[in-house]
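Residue 208 in our numbering sits at position 208 of the sequence shown, with consecutive numbering throughout.
Hints may be right or wrong, so weigh each one.
[Stated by the list, open to error] No farther apart than 25 Å at their CA atoms in a straight line, the calculated lysine-lysine pairs in the PhoX-like style are these:
hint	residue 1	residue 2
1	K249	K238
2	K5	K53
3	K230	K209
4	K147	K187
5	K53	K35
6	K30	K187
7	K249	K209
8	K187	K237
9	K230	K249
10	K229	K209
11	K238	K187
12	K56	K35
13	K53	K238
14	K220	K209
15	K53	K11
Hints in this document: simulated from the structure, not taken from any laboratory. Only a predicted model underlies this, so the values are computations on that prediction, with no experimental measurement involved.
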Amino acid sequence: MAELKNTQWLKINDMVTDIYNINGLTEMRKAFLEKIRLLIPFQKAFFDLCSEKSGKRSFFDPVAADIPEESLKEYYATFEEVDYTAWVLTQNVALSYRDTDILPPALRENSVFFCKWLMPMGIFYEGGCNIAYNGIVYGSVTLMRAKSAGDFTDAELYMLNILNQHMCRRFSNEFPNGIDRQAVGTKYPGLVSRYGLTMREYEILCLIKGGLSNREISEKLFISENTTKKHIWHIFKKLNISSRAQVLKFFR
């Protein structure tokens, strides 16, 4: 176990507070990349999410630091399939890694992924972690360095692992059934995922929160009042509530 300085623990504690207290996933991930740079220096990085459908996992919605948008698009369109760190990122348990531990230098430095995607961006080393708990993968963090910056150290991986434990806890509490890709674009993705709401149900729930009557909801969504009532019945059943007044507690 690496020994950390007091200043490093202070930064870790500050980041742990952010992990639990910043509500939006995008905002939390941006803050994470901004602050982890002070602990673990890097040239480029990205923090994406993962959803699973029909047994297939897909990574999406990356928040990036200093990676061109075109390079990100190329990664998910072409290079994700040849990324030699992929087996780590899809494991059912949380792991921290550095890519030099995954492949011998000759294989790594002659791979398509290294030559065609990393090197054109001036990147020689990668380190990161997958965010996973209880068999569910929630996302991944990838940190990148130029050759002149040196490889990631044991102490840096130890710090990343500490932070990842808290990220796993935050994601598993908010998304006990995994991340619903459709829900990520909503203001309360955890609410959608936790209770298995459809996008229409979530939309109606927000309108109920806004104080709209059944008639007003029907007019706004161009559906009949009977359809609105059926949706509300399903929503109340999923949330285990019996009145509109109880809806507000889910948005606190």
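Run the distance test for K147 versus K187: straight-line Cα separation, threshold 25 Å. Between K147 and K187 the Cα gap is close to 40 Å, so the pair fails against 25 Å, i.e. violated.
Restraint status (C-alpha distance of K53 to K35 at most 25 Å): Since the Cα atoms of K53 and K35 sit roughly 32 Å apart, the hinted pair is violated (cutoff 25 Å).
Is K5 close enough to K53, meaning Cα to Cα at most 25 Å? violated, 43 Å
Can the restraint linking K30 and K187 be considered satisfied, given a maximum Cα separation of 25 Å? Given pair K30, K187 holds - Cα atoms ~16 Å apart, limit 25 Å.
Are K53 and K11 close enough, with their CA atoms no more than 25 Å apart? At roughly 37 Å apart (the allowed maximum being 25 Å), K11 and K53 break the hint.
Would the pair K230 and K249 pass a check requiring their Cα atoms to be no farther apart than 25 Å? holds, 22 Å
Given the proposed pairing of K249 with K209, does the C-alpha separation stay at or below 25 Å? holds, 10 Å
So if I understand the rule, the pair passes when the alpha-carbon distance is 25 Å or less; does K53 with K238 pass? holds, 21 Å
Would the pair K229 and K209 pass a check requiring their Cα atoms to be no farther apart than 25 Å? holds, 15 Å
Is K220 within 25 Å of K209, Cα to Cα? Since the Cα atoms of K220 and K209 sit roughly 14 Å apart, the hinted pair holds (cutoff 25 Å).
Is K187 within 25 Å of K237, Cα to Cα? Within the cut-off at roughly 22 Å; holds.
Straight-line alpha-carbon gap K230 to K209, limit 25 Å: Given pair K230, K209 holds - Cα atoms ~17 Å apart, limit 25 Å.
Checked against the numbered hints given earlier, the structure breaks hints 2, 4, 5, 12, 15 and satisfies all the rest.
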